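Engineer: As they're listed, the protein sequences go chains S and R.
Counting with our numbering, you get residues 1 to 429 for the letters of the first sequence.
Counting with our numbering, you get residues 430 to 559 for the letters of the second sequence.
For the record, the hints were derived by calculation from the structure and aren't laboratory data.
A quick note: this is a predicted structure, and the numbers were derived from the prediction, not measured.
Some hints here could point you the wrong way.
Said to hold, decoys possible - Within a straight-line C-alpha distance of at most 16 angstroms, the following computed EDC-like cross-link-like pairs (lysine to aspartate or glutamate) qualify:
no. : chain 1 : residue 1 : chain 2 : residue 2
1   : S       : K357      : S       : E321
2   : S       : K262      : S       : D272
3   : S       : K417      : S       : E91
4   : S       : K357      : R       : E549
5   : S       : K230      : S       : E218
6   : S       : K55       : R       : E549
7   : S       : K136      : S       : D171
8   : S       : K357      : R       : E550
9   : S       : K244      : S       : D171
Stated by the list, open to error - Sample of chain S residues lacking proximity to chain R, with all beta carbon distances greater than 12 angstroms (derived):
no. : residue
10  : D44
11  : D64
12  : N137
13  : E194
14  : K224
15  : R235
16  : K241
17  : D272
18  : I405
For each residue, glycine too, the CB sits at the ideal point set by N, CA and C.
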Amino acid sequence: MIVSDVVCPFCGCLCDDLELEVEGDRVVRVQNGCSLAEATFMHDTRLPTPIRRTKNGWEDISYDEAIKETADILKEADRPLLYGWSSTHGEAQSVGVHIAELIGAVIDNTSTVCHGPSILAIQEVGHPGCTLGQVKNRADVIIYWGCNPIEAHPRHMSRYTTYATGFFVPDAQRERTVIVVDTRRNDTTGIADEFLQVEPGGDYAVLSALRAIVRGKESVIPKKVAGISKEQLIRVAEICKNAKFGAIFFGLGLTMSRGKYKNVRNAIELTDELNRHTKFVISPMRGHGNVYGSNEVFTWMTGYPFAVDFARGIAFYNPGETTAVDILRREECDAALIVASDPGANFPRDAAAHLAKIPTVVIDPHVNATTALSHIHIPCTAAGIDAAGTAYRMDGVPIRLKKVIERGYPDDAEILKKIYDRLNGGMGP
Amino acid sequence: MKCILNTGRTVPQGTAVEHKGSDAYRAVASACFLNPVDMMMLGIENGARVRITSPAGHVVLSVCSAEGVTRGEIFVTIGPYANHIISSETHGTGMPDFKSQSVNVEPTEEPILSVGELMEEIGGLRYDRQ
Numbered sequence: 001m002i003v004s005d006v007v008c009p010f011c012g013c014l015c016d017d018l019e020l021e022v023e024g025d026r027v028v029r030v031q032n033g034c035s036l037a038e039a040t041f042m043h044d045t046r047l048p049t050p051i052r053r054t055k056n057g058w059e060d061i062s063y064d065e066a067i068k069e070t071a072d073i074l075k076e077a078d079r080p081l082l083y084g085w086s087s088t089h090g091e092a093q094s095v096g097v098h099i100a101e102l103i104g105a106v107i108d109n110t111s112t113v114c115h116g117p118s119i120l121a122i123q124e125v126g127h128p129g130c131t132l133g134q135v136k137n138r139a140d141v142i143i144y145w146g147c148n149p150i151e152a153h154p155r156h157m158s159r160y161t162t163y164a165t166g167f168f169v170p171d172a173q174r175e176r177t178v179i180v181v182d183t184r185r186n187d188t189t190g191i192a193d194e195f196l197q198v199e200p201g202g203d204y205a206v207l208s209a210l211r212a213i214v215r216g217k218e219s220v221i222p223k224k225v226a227g228i229s230k231e232q233l234i235r236v237a238e239i240c241k242n243a244k245f246g247a248i249f250f251g252l253g254l255t256m257s258r259g260k261y262k263n264v265r266n267a268i269e270l271t272d273e274l275n276r277h278t279k280f281v282i283s284p285m286r287g288h289g290n291v292y293g294s295n296e297v298f299t300w301m302t303g304y305p306f307a308v309d310f311a312r313g314i315a316f317y318n319p320g321e322t323t324a325v326d327i328l329r330r331e332e333c334d335a336a337l338i339v340a341s342d343p344g345a346n347f348p349r350d351a352a353a354h355l356a357k358i359p360t361v362v363i364d365p366h367v368n369a370t371t372a373l374s375h376i377h378i379p380c381t382a383a384g385i386d387a388a389g390t391a392y393r394m395d396g397v398p399i400r401l402k403k404v405i406e407r408g409y410p411d412d413a414e415i416l417k418k419i420y421d422r423l424n425g426g427m428g429p
Numbered sequence: 430m431k432c433i434l435n436t437g438r439t440v441p442q443g444t445a446v447e448h449k450g451s452d453a454y455r456a457v458a459s460a461c462f463l464n465p466v467d468m469m470m471l472g473i474e475n476g477a478r479v480r481i482t483s484p485a486g487h488v489v490l491s492v493c494s495a496e497g498v499t500r501g502e503i504f505v506t507i508g509p510y511a512n513h514i515i516s517s518e519t520h521g522t523g524m525p526d527f528k529s530q531s532v533n534v535e536p537t538e539e540p541i542l543s544v545g546e547l548m549e550e551i552g553g554l555r556y557d558r559q
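Work out the full structure: start from the sequences and follow the hints.
Structural biologist: Here it is as structure tokens:
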């Protein structure tokens, strides 16, 4: 059977033009997708049943037993941490927030180690952004700053920027100028019209220099700024000022390097400065398929996009204190529920190590590094493969993920609702 | 040799990311990209093993030559190998220094651990039934 207009749930692009060939409970062919989409749909091996760690191994347990023990663990905990949420749909995320409120937990999502700093910057100075459709149809100058779309978002360039034919940009490859800023040369920098190779940790200085030049203060700029010549900076500033419509996309090269959210703030303020000359927008390259959705769901339910602490009975937000890595580093939480993510692989060693010291429950379709640190792992559907639901694309557009096959696993939203019911004396959220 | 550890995503890492117990994932996540001149200074060739040490711990990785990486920098894809040596300090932002961890790089004959073995080093127990 051929299923068309399928949404790939892997990365923040949420490409919605895939065509899949399905045989029974397997996807046998993926068309239009990148290699990440192919791996997502065609090599989808799952944990077969819930498992529990024993003294010297693992035992299979029933879903009912796993759900009951998870509820008991959360009920007994003084400071539970509910973490993850970015590879599942909004329906599961919202039940997660209800559980956090009910038991006074800290709930955090993967943006805490991804674009959390971008959110902090946006809270400081705002977000002059737009949808990817606007970029595709209008942008003639594209800047990729501290991101590598060829590796991390393989179809971003062909669907929205460098190679995409737009209404006002009919000959994309000739009409769009691509500027790439990175610390190392890679495949993305190879297709750039201008490549600015910045020294590690030098992004803030380069952004400041560009702001100064756009303001007409180029006389204050030294010959080189963080490895980039003054001539190139002036040339790039001119390209930007003469754009009809410019779009900056930035990645973890800004959020994870020295300066963190201040780098992003500076990039937004450069965008602000460029808007005195022409139209310019800026947007983060969101990683996980529905990480933007976790920010949306958390915000409309609690008022805050990540790192929400319900210990006081009300929503409290203080990144650096209520963020997952900090809570784990301080060995503060005494139980953890990990949904649709893998902090065992993606958190620094000390933070991940604390998960093994406390009762940790994982709800995720796949065996991952966190499985080894957990007490219980409950397998479930994968949103966009065998479960339908809502996800948000990196530009904030909600897209309905399709259920393309049935594999006999329960939906994670259903598992979470059962956990909620047990915690709430049989009453649902 | 003192270096700065940079991390990021790659396509091979993304295609193997839901198969963390596989040999393919182990190969991409434990690859350490170094500038060829730095490799010459260390006296090592492609495929050699290096021990990377930081205040957070140490890990053994396999060397790949990459001219795009500047001297004094190493690049490792995001994942459990890189995170084994990254400090959990976030400077009050919630975000660790995933792209600017200072490390020491030295040649070694020690073996590269599997993801399961890395997790067992920090108190876990690998699950390898599939």
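Engineer: Against each hint, give a clear statement of whether it holds in the structure.
Structural biologist: The hints, checked one at a time:
Using a Cα cut-off of 16 angstroms, the hinted pair K357 of chain S and E321 of chain S is violated, with the two alpha carbons roughly 20 angstroms apart. Taking the CA atoms of K262 of chain S and D272 of chain S, the gap is near 15 angstroms; set against the 16 angstroms cutoff, the hint holds. Taken as a hint, the K417 of chain S and E91 of chain S pair is honoured in the structure, with Cα atoms around 10 angstroms apart against an allowance of 16 angstroms. With a CA separation close to 12 angstroms, the supplied pair K357 of chain S and E549 of chain R stays within the 16 angstroms bound.
About 9 angstroms separates the Cα atoms of K230 of chain S and E218 of chain S, which keeps this hinted pair within 16 angstroms; it holds. For the hint linking K55 of chain S to E549 of chain R, the alpha-carbon distance of about 14 angstroms falls within 16 angstroms, and the restraint holds. Note on K136 of chain S and D171 of chain S: the hinted pairing holds, with a Cα-Cα distance of about 12 angstroms set against a maximum of 16 angstroms. Using a Cα cut-off of 16 angstroms, the hinted pair K357 of chain S and E550 of chain R holds, with the two alpha carbons roughly 13 angstroms apart.
Taken as a hint, the K244 of chain S and D171 of chain S pair is honoured in the structure, with Cα atoms around 15 angstroms apart against an allowance of 16 angstroms. Once the 12 angstroms rule is applied to beta carbons, D44 of chain S is inconsistent with being away from chain R; the minimum gap is 7 angstroms. Consistency note on D64 of chain S: stated as away from chain R, and its beta-carbon is indeed over 12 angstroms from all of that chain's, at 21 angstroms minimum. The non-interface label for N137 of chain S is consistent with chain R: the shortest C-beta to C-beta separation is roughly 28 angstroms, beyond 12 angstroms.
Its beta-carbon lying about 17 angstroms from the closest one in chain R, E194 of chain S satisfies the requirement of being farther than 12 angstroms from that chain. Distance check for K224 of chain S against chain R: the nearest CB is about 15 angstroms away, which clears 12 angstroms, and the non-interface claim stands. In this structure R235 of chain S is separated from chain R by more than 12 angstroms, as the shortest Cβ-Cβ distance comes to about 22 angstroms. Distance check for K241 of chain S against chain R: the nearest CB is about 30 angstroms away, which clears 12 angstroms, and the non-interface claim stands.
Every CB of chain R is more than 12 angstroms from the CB of D272 of chain S (nearest about 22 angstroms), matching its label as outside the interface. The beta carbon of I405 of chain S sits about 16 angstroms from the closest Cβ of chain R, which is more than 12 angstroms, so the claim that it is off the interface holds.
Hint check: violations occur at hints 1, 10; the rest are consistent with the structure.
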